[in-house]
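Chemist: Generate coordinates for the entire structure from the input sequences, incorporating the hints supplied.
2 protein chains.
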Amino acid sequence: MSDLESLSALIIEFYEKLSSWEHAVVRGSSLTLPQMHTLEILGQQPSLRMKELAAKMGLTTGTLTVTVDRLEKRGLVSRVPHETDRRSVLVALTPKGQAIFEAHHAMHLRLTQELCASLSEEQAQSLRAILRTMNQAF
Amino acid sequence: MSDLESLSALIIEFYEKLSSWEHAVVRGSSLTLPQMHTLEILGQQPSLRMKELAAKMGLTTGTLTVTVDRLEKRGLVSRVPHETDRRSVLVALTPKGQAIFEAHHAMHLRLTQELCASLSEEQAQSLRAILRTMNQAF
DNA sequence: GTGAGTAACTTGATAATCAAATAAACCGCG
DNA sequence: CGCGGTTTATTTGATTATCAAGTTACTCAC
Chain Y
1 MSDLESLSAL IIEFYEKLSS WEHAVVRGSS LTLPQMHTLE ILGQQPSLRM
51 KELAAKMGLT TGTLTVTVDR LEKRGLVSRV PHETDRRSVL VALTPKGQAI
101 FEAHHAMHLR LTQELCASLS EEQAQSLRAI LRTMNQAF
Chain B
1001 MSDLESLSAL IIEFYEKLSS WEHAVVRGSS LTLPQMHTLE ILGQQPSLRM
1051 KELAAKMGLT TGTLTVTVDR LEKRGLVSRV PHETDRRSVL VALTPKGQAI
1101 FEAHHAMHLR LTQELCASLS EEQAQSLRAI LRTMNQAF
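Here the protein sequences line up with chains Y and B, keeping their order. Using our numbering, the letters of the first sequence map in sequence onto residues 1 to 138. Using our numbering, the letters of the second sequence map in sequence onto residues 1001 to 1138.
One or more hints might be untrue.
Subject to a maximum C-alpha distance of 16 Å in a straight line, what follows is the list of computed EDC-like cross-link-like pairs (lysine to aspartate or glutamate) [said to hold, decoys possible]:
id	chain 1	residue 1	chain 2	residue 2
1	B	K1056	Y	E16
2	Y	K56	B	D1069
3	B	K1017	Y	E72
4	B	K1051	B	D1069
5	B	K1017	Y	E40
6	Y	K96	Y	E72
Quick caveat, the hints were computed from the structure, so don't treat them as lab data.
Modeler: If you want it as structure tokens, here you go:
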């Protein structure tokens, strides 16, 4: 197996494990994966239009409409009319949604902490630089 | 922002980008994400029982049954009775399914190659060691 | 053999998803 | 101003994904 292939396999394995972890954590939260994903994105922006949110999630706006409907019905997000463009709707977290996001984000931190605990300080620094570079290369 | 938080953010960003990439690539393949995921797992094992496959994907066997039904109907996987345990069914890729898996795997390799092209040789080596460590820490 | 446990499938219900159609609002240009 | 093309969100219709719970067929220990 070439170097490249082994690195590819390691990346895929890492991705799969993160994915399983996320899946398992969200399962225990009474929300579905797309619903939690929506909250996660909204947690990092004050508010987004449906179009922007759909683009960030790689979905059509039609799909997103029903997901936001459900989240709104549960009081986790709110729709606010756009101030200058009346076609648009701004979606934002409610305090209740914000609380769920923060709890979930805290679990991300805890996971990261555990993963990094197995690395040396130099490796952690190195990983930071590597990820910065790779994220830009996308 | 603490070191830990920034590293967490970088990992999440990396994960999100891999996820978007996978989503986009699979979209253009006439298969759905769970279907391709099934092929990806089967591509790395000669064959698996439904139970094992479901466990690897974090699904119930009920869910998997219908996904495998669809893949079988399209001639991408086959069900073979287990030799000694007649309750069990072994699922394996057909040649057609194998071909799709290999094409998809090749795209993974190409992506990895692009990502690593932005790294120095030392960084690539370092990343390999880091991923090995973190994958074990899970 | 009988009974507890296991593997896959089925059923019923909810959620996710897309493509295409619709409705409302924007914007530029005459 | 007012028209036509564009953009934004929603709706509709159809397929797929998913789970929990129930069913059926099989295994294995006793």
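Chemist: Against the earlier hints, flag every one the structure doesn't satisfy and list their numbers going up.
Modeler: Hints 2, 3 not satisfied by this model.
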